[in-house]
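Q: Taken in order, these protein sequences are the chains called A and B.
Per the numbering used here, the very first residue in the first sequence carries number 1; after that it's consecutive.
Per the numbering used here, the very first residue in the second sequence carries number 1; after that it's consecutive.
Hints are supplied without guarantee of correctness; some may be wrong.
What the hints assert, rightly or not - If you only want the chain B side, here are some residues facing chain A, beta carbon under 10 Å, derived:
# : residue
1 : S217
2 : M372
3 : L373
4 : N374
5 : E468
6 : N474
7 : P505
8 : P523
9 : G527
Read the hints as simulated data drawn from the structure, not as lab findings.
Please read these numbers as outputs of a predicted model, since none were measured by experiment.
Note that the Cβ used here is the ideal one computed from N, Cα and C, for glycine as well.
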Amino acid sequence: MAAMGALLKFGALLLAAVAACVAWEDGDVWDYDGHKLKDSDFLALWPLPQKVQSSAVSFQLSASRFQFTHAEGSSAGSDCSILQNAFRRYFDYIFGFTKKDRDQRRRNAAGSEVLELQVAITSPDAECDGFPSLTSDESYELSVDQPSAVLKAPKVWGALRGLETFSQLVYEDAYGARNINKTGVSDFPRFAHRGVLLDSSRHYLPLKVILANLEAMAMNKYNVFHWHISDDQSFPYVSRMFPDLSQKGSYHPYTHVYTPADVKMVIEFARMRGIRVIAEFDTPGHTQSWGFGQKDLLTPCYTGSSPSGTYGPVNPILNTTYDFMAGFFKEISTVFPDAYVHLGGDEVDFSCWKSNPDIQKFMDQQGFGKDYSKLESFYIQRLLDIVSSTDKGYMVWQEVFDNGVKLKSDALIHVWIWYQGGGYKAELARVTAAGYTALVSAPWYLNIMSYGQDWQTYYKEDIQDFNGTDAQKKLVIGGEACLWGEYVDASNLTPRLWPRASAVAERLWSDQGVRDISDAYVRLVQHRCRMVERGIPAEPLFTGYCRHEYSGV
Amino acid sequence: MSSRCNLRFLIPGLALLLGGVPSVLAVWPQPQQIRNSAERYSLSARAFLFKHADVSAVRSGCDVLDQAFTRYFTLIFPESGGGGTGGAHNRYFWTEADPFTVEVNVAEGPCDGYPAEGSIENYKLTVSPGQAVLTSVTVWGALRGLESLSQLVEQDDYGAYYINKTEIEDFPRFQFRGLLLDTSRHYLPLQAILKTLDAMAYSKLNVFHWHIVDDPSFPYQSRKYPDLSKKGAYHPFTHIYTQTDVRRVIEHARLRGIRVLAEFDSPGHTQSWGNGQPSLLTPCYRGDVPSGTYGPVNPILDSTYVFMANLLKEVTSVFPDSYIHLGGDEVDFSCWKSNPDIKAFMKKMGFGSDFTKLESFYMQNIVNISTMLNRSSVVWQDVFDYHEIIPKDTVLEIWKGLPEEYQKELSRITKAGHRVLLSAPWYINHISYGQDWRNSYTVQPQNFSGTEEQKKLVIGGEVCMWGEYVDATNLSPRLWPRACAAAERLWSDEVQTSSVDQAFPRLTDFRCRLLRRGIQAEPLYVGHCKNEYQGI
C-alpha cells in the first residue's frame, strides 16, 4: 500500500490572493508588519521573476471589455504579428473557460477594473519580424494598475515573457470572475540559453506533439528548442538536396518524416513564442540511419580481412564525405535561421574504424598512430570548417572539446557527462578555463526518471557552482533539459516532460537566490494545474487535485 | 487453477513450431495452446459476420455478446467506422470478397449476469477457410475468445485484412487477474476509468479493484451518507463518483467480463471520511487534551459499527461482486495510544498494550459485517500478520516486500488455509528508467515452499497503480503496456512464457495494437508503430 504523507489539499491555496500588502525584493517577501511571507502566500508565478511588488488592491478583468493595446510611442504596432498572435493566445489563457463575464452585477464601482494592457516596445527596432537569438533582450517591466496596465520591453521577446507573467498574475475568484492585483514586475533571465532537447529519431514525434511542447516551453519562459532530429535509429528530416536520407532512413518515408513545410511550421511557431530552434545533426557517430540513403557515407566494418556487412561512424577518410557534408550543411544553414547549429560529436565508437584496413592506412599516413581520437578530431575539424563557411556558429557535445579539437572562440561546448571526469562541474571548470562558452545538460537528463519527486534534484542544481573565477562562471550561458527518446514517444512525452522541465526552467530564469524547495513546491503545484488548464497534460507532483482536471483522456 | 494445468506440458513443442511467423504470434497474453499455419484467409469488412451457432445457449438479444460483436468488428476493421460500411475500395470490390463468418457457440447462459468468482473463461477457437468457430462454456469465455480472434487479424502491405489458419484452446492460469486504480490520491475522471477497463479487456484482466477512497479524498457519493463526499471529496461536484457513474463503471466492466471489486479501506487510510462523519475517527491527544487531529477509525464506539454496517450494506447493494475489499493495512497506532478512552478500552478487553489486538478486534467486526452481507472479504496482509486467526474464507492480499519476503508470506498464509492474492511484485506505480516490465514478467506467483494444495490457494494477483504521482495526465502511459506483463503472467502458462526476450517482440507488437485501439500505451524501447498515438 501506498504510504501517505500529510494530507495536502491545494485547492484552498489555489490562487488565494494576497492577504496583506507585500513588497518583494531580491527573494524575500515582507508584509507591512514586517512578517516575512512565503512566496506561496503570493501568486504562483513560475519561473519567479527577478523583482515583484504586489499589493492587496485587486482589480477585475472583463472578457468583454479587456483589451491588449499597443502603447503610444511603441515601436511595434498592429502589423507586429508576433504580438498580435500573442494577444490572442494570452486572451484565451486568461479568460479560458468562459469567454463572457460570469456575473455582471458583481462588477465593482468604476475605477476598479483593468481595461487594458498597453504594450510598449521601447527600442527603435522591436524585432517583430526577426528571429530570437542568443543575445536577444528578454527583459521587461510590468505595471498593473487601473484602468491601464503597462508592459514595457525593449524588444518583442521581452514583451512575450511579460505577457506570460501578466497571464499568470490573473486569478479566478470564488465567483469565477477574473481578478488581478496591483503589481509591479521587473524581470530578466539569469541565463541567455534555456533549452529543451527533444529526440525525434529514437521515436518519431508527430508535429502536434512538438508544437504542444513549444507552447508549454513558452509557459515556462524557455527560449531554445534543441531539435535532436536524427540519430542511429531514424532520419526523419526531409532534405531537399538529399531526399534519400529520409526516404530510406526514416521509420516510414511518408508518415514518419518532417517535410520542409513541417520544419518551417515548427520554426515559425517557435519564433512566435520567442523560442529559437537549434537543429542537431549529430556526426560522426549516431549516424546509422544516414547510411541507408547516402551510399559510402559510413565506414564499412571488417571481420578479419573482409567487410562484415555492417557499418560504423561516418567515413572520415573520403573526400566524398566532406562534399556531402558541405552540401548538406549548406542546406541546413538556409533551412534553420538560428545562428547556431548543433553538430553533435559525442560517443564515437572506434571499433569499426579500427577494423577497417583503409582507415588504418590513413591513420599511418597521417601519423595518428593508434590514437583514434585524433581521427575523430580530424573529421570534426574539417566539419567545423565546412560549417563555419556557412556563417553559422556551432554547438558540440563536450567530447569534441575533451579530444582537443581546435574550436572557434564562439563555439558552445555542451556538457552532458555526469558520470566520469570528476563530474560535470569539473568539466565546466576545464571548458571555461580554456575560455570557451559552456552549456549544461548533465544534471538534467529528464528521460532518466525515478519514482517520486525527482524535480527537486533538478531544481537544486546550480550550474555556476564550480571551481572557477567570476569570468569563468559568466562563460556558462545556460542549460538544457534533455528528454532522450529511447522510452518516449507521443504517448508519454508531455506528462514525462512537464512539470519536471519546469524545475529546470526556473533554475535557468530566476535569481540564483531563489532556492526554497517548499515554496517552489507550492508554486509549482499551481503552475502545473495552470498548464493542465491550458491543455498540457502535465503530470502531478504529488497527491492532490486541480480545479480543472486534464480532460484529454 | 485446476487439473487442466497438466495440459501445459504439451505446449512447448507447439510454440517452437510457430517461431517462424512472428506476426501471427502476437496474441497477448499467450494462449495455452495455439497452432497456426502460414495459410491465410483474407477478410473484408463487407463480408464479415458474427453469428450465434444454432446449438448455442445464447442468442441475439444477449447484450454482452451483441455489444462485443459491435466492438470487435470495429477493432478488427478500424477503418470501417464500425457500422459495417467499408472504405471505398471495399465497397468497390465487395462482391468479390469471400464471406467470413465467426460462429459463436456458448454452452451455458445466462448473459445478463455478472462475471464472478469461478466464472469459466475457457474457450476454443478454430479459424478455417471462410469461418471461425468459437466455443465456450460461458459468455465470459466467448469474450476472451473474441479478443484473441481480433488479435489474430493482421493487415498486409496493401492494407488488406487477413487471418491465418489457427487453432486455439485457451483458459486462464489464475481466476483472479486484477488491476488496482486509486481514485483518492488523485481523482480519475470517469473516462479514464472506462478507458482502463477497455485496455484491461484487451489484456484479459478480469478484476477492476477500485481503491475508491483513502486519506486524501472520498469521491464515492453515498446515498446513505452524502456528507462523506460532500465534505470529504476534493470537490463536492466535480471530483466525485455519483451513483450513476458507479453503475456505468460496473456495467462497462460487466460487458467486458470484468468484475468490480470495491475497496473501502479502514480503519487506517480514512482521514477523508472524518470530514463528513463526525466522531468516526479517533481523536488524538496531546497529554490530557485532544490535539485537534484525528487518527484511524475509532474502534471502541458502537456508533462506528452501526455506521460501517450501514455503509457496507449500501456498498454491497451497489457493487454486485461477491468480494468486498476491506483494506486493513498500515494502521498507525500512535493516535490510539494517545487517547485515554482507547486505553481504558484496551484495559477492559485485556489487550494489554498490544494495539494489534485492537486492530484485529476492529477488523473482525468488519469482516463479520461483510459475512452477514454475504460477501467474501479481501484484506491486505497486515490483517493476517497482526492476528492469524481470521475467518477461513477471507482472502489475503500480499503487498509487501521483496521476493524472499513475499514468498515466505505466501507460505504462511496458504498454510493457514487462506486464499491469497499477490500484488507485492506488481506495484507498477513505482517507476524506474528502462524496461521494468521485465521484472513484472519474471514473477513466479507459485514459487514458494508449500504443498500443491497450498499453491492452489494462490487465486491470482493484481497490478497496482497507486495514485500519489498519477492522475488523468499520465495514468494510461504509465499503466500500458507495463501492466500487460503481469496480465500474461496471470493468464498464460509459466513454462511457455518463461523467456522475457521472446516476450519482447510480442509485447512490442501488442503495444502498437493498443495504440491503434486508442490506448495511450508507451513504447518499450526505440522503434515505431504504423499508427502512432495521435494526441499529445
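Q: Now, for every hint given, state plainly whether the structure supports it.
A: Hints, verified against the model:
no.	hint	in the structure
1	S217	holds (7 Å)
2	M372	violated (26 Å)
3	L373	violated (24 Å)
4	N374	violated (27 Å)
5	E468	holds (5 Å)
6	N474	holds (4 Å)
7	P505	violated (16 Å)
8	P523	holds (5 Å)
9	G527	holds (7 Å)
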